[in-house]
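One letter stands for each residue in the lines below.
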Amino acid sequence: MVENRPWLTVISHLVLIVGIAIVVLPLWVALVASTHAGRDLLSAPIPMWFGSHGVDNYRQMLTSGMQHVSGQPLTLMLFNSLVMALTIAIGKIAISLTAAFAICYFRFPLRMTCFWIIFITLMLPVEVRILPTYEVIANVFTPLTRLLELFGFEGDEIVIGGLSIRLDFSMLDSYTGLTLPLIASATATFLFRQFFLTVPDELTEAARIDGAGPMKFFRDILLPLSRTNIAALFVILFIYGWNQYLWPLLITTDPSYVTVVMGIQRMVNVADTEPQWNLVMTAAVLAMLPPVLVVIGMQRLFVKGLVETEK
Amino acid sequence: MIKRVTFRHKWLPYALLAPQLLITLVFFIWPASQALYQSVLRQDAFGLRTEFIGFENFADLFADPTYLASFHITLVFCLAVASISLGFALMLAVMADRVIKGATTYKTLLIWPYAVAPAIAGVLWYFMFNPSIGINAWILRTVFGYDWNHTLDGGDALLLVIIAAAWKQVSYNFLFFLAGLQAIPRSLIEAAAIDGASPLKRFWTIVFPLLSPTTFFLLVVNVVYAFFDTFGTIHATTNGGPAGATNTLVYKVFNDGFIGLDLGGSAAQSVILMIIVVSLTVVQFRYIERRVEY
Chain A
1 MVENRPWLTV
11 ISHLVLIVGI
21 AIVVLPLWVA
31 LVASTHAGRD
41 LLSAPIPMWF
51 GSHGVDNYRQ
61 MLTSGMQHVS
71 GQPLTLMLFN
81 SLVMALTIAI
91 GKIAISLTAA
101 FAICYFRFPL
111 RMTCFWIIFI
121 TLMLPVEVRI
131 LPTYEVIANV
141 FTPLTRLLEL
151 FGFEGDEIVI
161 GGLSIRLDFS
171 MLDSYTGLTL
181 PLIASATATF
191 LFRQFFLTVP
201 DELTEAARID
211 GAGPMKFFRD
221 ILLPLSRTNI
231 AALFVILFIY
241 GWNQYLWPLL
251 ITTDPSYVTV
261 VMGIQRMVNV
271 ADTEPQWNLV
281 MTAAVLAMLP
291 PVLVVIGMQR
301 LFVKGLVETE
311 K
Chain B
1 MIKRVTFRHK
11 WLPYALLAPQ
21 LLITLVFFIW
31 PASQALYQSV
41 LRQDAFGLRT
51 EFIGFENFAD
61 LFADPTYLAS
71 FHITLVFCLA
81 VASISLGFAL
91 MLAVMADRVI
101 KGATTYKTLL
111 IWPYAVAPAI
121 AGVLWYFMFN
131 PSIGINAWIL
141 RTVFGYDWNH
151 TLDGGDALLL
161 VIIAAAWKQV
171 SYNFLFFLAG
181 LQAIPRSLIE
191 AAAIDGASPL
201 KRFWTIVFPL
211 LSPTTFFLLV
221 VNVVYAFFDT
231 FGTIHATTNG
241 GPAGATNTLV
251 YKVFNDGFIG
261 LDLGGSAAQS
271 VILMIIVVSL
281 TVVQFRYIER
291 RVEY
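Note that the protein sequences, when read in sequence, are chains A and B. FYI, this note's numbering numbers position 107 of the first sequence as 107, with every residue one higher than the one before it. FYI, this note's numbering numbers position 252 of the second sequence as 252, with every residue one higher than the one before it.
These aren't lab readings, by the way, just hints derived from the structure by calculation. Here the structure is a predicted model, which means the values were calculated and not measured. All residues carry an ideal CB built from backbone N, CA and C; glycine is no exception. Careful: at least some of the hints might be erroneous.
Stated by the list, open to error - Which stretches of chain B does chain A cover? Using the computed rule of at least three CB atoms under 8 angstroms from a CB of chain A, they are:
hint, segment
1, 4-14
2, 29-38
3, 108-114
4, 123-134
5, 145-154
6, 249-259
The task is simple: from the sequences and hints, build the whole structure.
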């Protein structure tokens, strides 16, 4: 506070309160709508205070879902989302930690090439390579078969000894397909590389004098030192994984792999009729809840992660 | 770039890099190269014959009025999302920087939309603007006499997705603006106050210029967000419609390729998108790492 201007302080608070009201309004409307019966939401103005159907709505959505739109219970969708978010977050962190370790702590041929290959992924979001990525998921061996064909081999089969292996493996409609392709991460690799560069060299020297090999150093010194960074990154990546939309939309057709964020779209885009808004809002609240709780509960880690991933 | 003290091992570094590299090559580099390759080919309707046609796919695209319209819509969309969410967040951050009481509560109440998926943000605002029962549509109708209908009116639909996309991004911008404001030395502002500069004058002549690195950085991040992360917002609500009014480039590439199965055209669109991402990334790394000097 530079100078005392009471009226300005009052205005500041007012602006903030109005601003927050605007920001919170959608959540409020969703929460209220999720406690009403369908018939209360048929004509404007809709109620702005809670109704008495909350328990029914949530029970119905969690146990049976919306019947006429493939009707998967939300517990299943939430579970799928959880699997996806956790696998992506943990996977990204794991492979980025080892990649950053290799790039920082070893001298080896093609080191910079590896670094640039990882860097390029920053510029290739799913959105710019939708169709070809789908083809790869439909058969993961596509790149290999094409390369073999290029060298004049029979593409889709390889023979080792007397054993012939068909090169055909689809990741459509599977948890592997949902998560594995999203696990590569330039951002996380850079973040850990940045952090490893600040770790004093004396630690490495001391570890080497004591006879520790690279993996022992990684496990017993580097990993414990990176704990806060890992936690902060985990928060950001969990939200990233939970909120994926285009990817699950592309590669899942089997309703039992629907994630909650993407499932809601089917409840809204119903043909020729108004969506059942009370149930849609119930689903929306449930879909928002886990990541929002993570952000609010781990606010300090979240802010740290946000600032650091953007460096 | 590398540590002074390193380990020596023949194969371990490759093994450590293998998972990351393998995923990158199979799911990123290969598909991208395929998109490049297919963008210069044409496939007949049955997928039996392909022929090399050079840049014809690109020429077709830029002769196609719907593609040009989509470009235009995307520009309007990006600029509107960035300016609305930056402006709103800056105002809130300046106020939050002033107040002492309740600052943490305000902050907590403002950051949670970051965690909401773009698609869900779209659905929430879709509900609030629903022409027959939405609270906002009702207010517009009864108070302002405006008949809001985003299912028929293209302008309304575009505004709806702009608001939904900007709303979600406010928390991110708010956090970075607040950090930027708190990094400005108090002594500068105190000196100006002693010289008799009013709060408004101090903001425009000291705070806002000093904040320009943060603003520029956020501008790039917001444009990237509006470009690529808002697919869900559009797909879950307007589906690119009505009559293509919200058909952004990313939505169009999905629609033409995945739904319309136009391989060459969609690949050419992918390549153009790639060029856009690459240039945005270059801007981000070249100019932001150095930060705008003041």
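List of violated hint numbers, smallest to largest: As far as the earlier hints go, only 5 is violated by this structure.
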